[in-house]
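K.L.:
With the hints as extra help, turn the sequences into a complete structure.
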Amino acid sequence: MTATNLPELTVQPSATLGKQLQLFVLPIATTALLFGFALVDSRVVSPGNLINILQQTSYLSVFAVAQTIVLITRGLDLALGPTVSMVSVGAALAMTQFLDPSTTSISILLVGLLIGVGLGWLVGLFNGFVVAILRVNPFIATLGSYNIALGIATTLSGGRPVQNVPDVFTNVFYSGSFLGVPAAILFAVVIWVGLHLMLNRTIFGRSLYLIGTNVRAASVAGIPTRRVLMLAYLLCSSLSAIGALMLTARTGSGEPNLGGSLSLQALAAALVGGVSLTGGTGSVGAALLGSVFVTILSNGMNLVQLNGNIQLIVLGTIVIFGVTLDQYRTRHK
Amino acid sequence: MNVVAHRNYTSAIAVGRATMDVGIVPLLLLVVVAAMALVEPHFYSTGNILNMVRSASFLAVVACGQALVLIAGGFDLSVGAVIALASVLAAKTMAWIGVAYPDEPGLAIAAGVLAAMASGAGVGLVNGFCVAKLRISGFVATIGTMSVTLGIALILTNGIPVYGLPGSFVQQFGRATWLGLPSTIYAALGAIALLVFVQRRTLLGRYIHAIGGNPEAAIVSGVSVFRYQTSTYVLSGVFAALTGLLLTAQVGSGQASLGGDRMMLQSIAAAVIGGVSLRGGVGRLEIVTLASLFLTVLTNALNLLRIDSRLQPVLLGVILVVAVALDELSRRNSALDSHEPT
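Residue numbers (this note's numbering), protein chains in the order written: chain A, 265 to 597; chain B, 14 to 355.
Since the hints were derived computationally from the structure, they do not count as laboratory data. Note that the structure is predicted; figures quoted are calculated from it, not measured. It is possible that some hints are incorrect.
To be verified - Counterexamples of contact, computed for chain B against chain A with all Cβ distances above 12 angstroms:
1. 94
2. 166
3. 229
Unchecked claim - What follows is a set of in silico ranges between Cβ atoms, one per label pair, in the way DEER data are often shown:
4. B:317 to A:303: 57 to 63 angstroms
5. B:203 to A:309: 57 to 63 angstroms
6. B:184 to A:566: 27 to 33 angstroms
7. B:146 to A:389: 57 to 63 angstroms
8. B:40 to A:288: 37 to 43 angstroms
9. A:593 to B:235: 27 to 33 angstroms
10. B:146 to A:480: 27 to 33 angstroms
All C-beta atoms in this analysis are idealised placements derived from N, C-alpha and C, irrespective of residue type, glycine included.
P.N.:
Structure, rendered in structure tokens:
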């Protein structure tokens, strides 16, 4: 039962200079960025804004770690954003339109959760089936489900936000707190820890890495590659669904545009954090660092009132720069 | 007896190969066109047909450029943003020179066209540099340049359309019909014919296929991957810029909202439905052009049948996945038939 009884299975490579650099470059860059913004506007490092950054990070990080799971298998999920929109609209509609007012708060919550996560599962099953069984390239498979989920989200909602999400839902997923920790941060931390353990301590988690590195080797080694891949996409979409419920609670309505650019933002956060598109590498920590960096960047640019169009240019440059750096690191390891 | 049977067998394979080469796109196109004949007579009005062919030519030009990049094993997500930037730059340049030299609309048009093409080539060069020199995956590199390019287009316009195009550019080119067909069709057909020629008959075309089919073999054979991979991105950028010009001429103003994600996704969808493999090395631009026509005709048919435009992406998504899954299946089966190692 105790961790100390486990035999040491992995050989720790000695930390080379390159490896250490890899561990510190992004945190240093993030800190430098934070203080750089603070020089321009001291409000950036005010306690209120720091908490704000933490909250914003917790949303983005949930999507970034979801994206990381499929990135590890050498896949990607373009449909993440539209899934978020669809879940938001679907769950809000279920809670507001199809329940009579006398329903108890527990069952309202249950309905919202079930419909929301259920819709996420549908997308995950579709993606997993098309990628793992039909062997369609993940880009095309999830581009397909991108369109499908987007169409469903706008059709269900008629293009308008679904108002009057019940208070009990907003309380649990947004405004509530436990031991003084806001709900969003709490949910995010549980997801980080759970996924970290899953990726490092379970056979499923390790299989993801092997599949991403070499599918043939994985199947020769007896890993049920199709099933594991299916599960990876299912997990990614379920996490996106939970993130979508958190975002819905924050806005207080089901929004057909909620997911907008989230697919690419989550991808950018993971890639900047050092998760590779070529599969086999990536961790919760990397996705988390990337999310913190992207959040501080956009929060700071907003506070110093940088033109939104210039922000687009900066984000694009940062993505290219971050990935070039990663490329350089892996080649010189 | 055996010989005859064997001949039949090989000819059956040849027929199978031929249908595989061309794919199911012509068939799908025929089905939609035939079905619409039964359901909706307006589909066949001259106005509607011209309209469809015009929209298809916008998409086909971008999709063929995109297809070249895909055949070389890359990805170009920046095409939508290039359309926006090219439109804005062309309109700004034309308006500016139009004010400076009001009597020379030809000069204004030439400068505008040049500015648009240069912007497309510029973005293509940056993409090529990132992919071939910095070794970033084409997907990430072009996400980055997409964001940057769109940002520049938006800063230049603040989201407001740019007016002041020379009247002749809009009236005698963009909205004109030559010999009964919209002028854009001639421009698109000319551009696509040029690309088909490049793909089939030039060294560049050969090398693009070689690089996409097996990059290591190409490098070992002494092919300059940097030069030819970059060429595909430059061509894709220039062709996206051409679409930006055609759209600007039709709309009559330069707009940063032209192109966008929708055009980018549709160009990839058209290429892939047209049989271009995302693994590189495989694809024919004629079929990609047909696939662009198919997607446009399908959208038009759905509109005429009054199917909610919000539901239309669902259908596009399903068709995309089904087309690629069928392609994948047929390839696996044919690989089994001919005992080729996969």
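K.L.:
Does each hint fit the structure? Answer for all of them.
P.N.:
Evaluated hints:
1. In this structure residue 94 of chain B is not separated from chain A by more than 12 angstroms, as the shortest Cβ-Cβ distance comes to only about 9 angstroms.
2. Separation of residue 166 of chain B from chain A is inadequate, the least Cβ-Cβ distance of about 8 angstroms not exceeding the 12 angstroms criterion.
3. With a cut of 12 angstroms on Cβ distances, residue 229 of chain B stays outside the contact zone with chain A, its closest approach being about 15 angstroms.
4. For the pair residue 317 of chain B and residue 303 of chain A, the supplied restraint of 57 to 63 angstroms holds, since their beta-carbon distance comes to about 59 angstroms.
5. Judged by the Cβ atoms, the range 57 to 63 angstroms given for residue 203 of chain B and residue 309 of chain A holds: they are separated by roughly 59 angstroms.
6. Take residue 184 of chain B and residue 566 of chain A: their Cβ atoms lie about 44 angstroms apart, and the range 27 to 33 angstroms is violated.
7. A C-beta distance of roughly 41 angstroms is found between residue 146 of chain B and residue 389 of chain A, which places it outside the suggested range of 57 to 63 angstroms.
8. Taken as a hint, the range 37 to 43 angstroms is violated for the pair residue 40 of chain B and residue 288 of chain A, whose Cβ atoms sit roughly 58 angstroms apart.
9. At about 30 angstroms, the CB distance of residue 593 of chain A to residue 235 of chain B agrees with the hint of 27 to 33 angstroms.
10. Checking the proposed 27 to 33 angstroms range against residue 146 of chain B and residue 480 of chain A shows it holds: the Cβ atoms sit about 31 angstroms from each other.
Checked against the numbered hints given earlier, this structure breaks hints 1, 2, 6, 7, 8; the rest are met.
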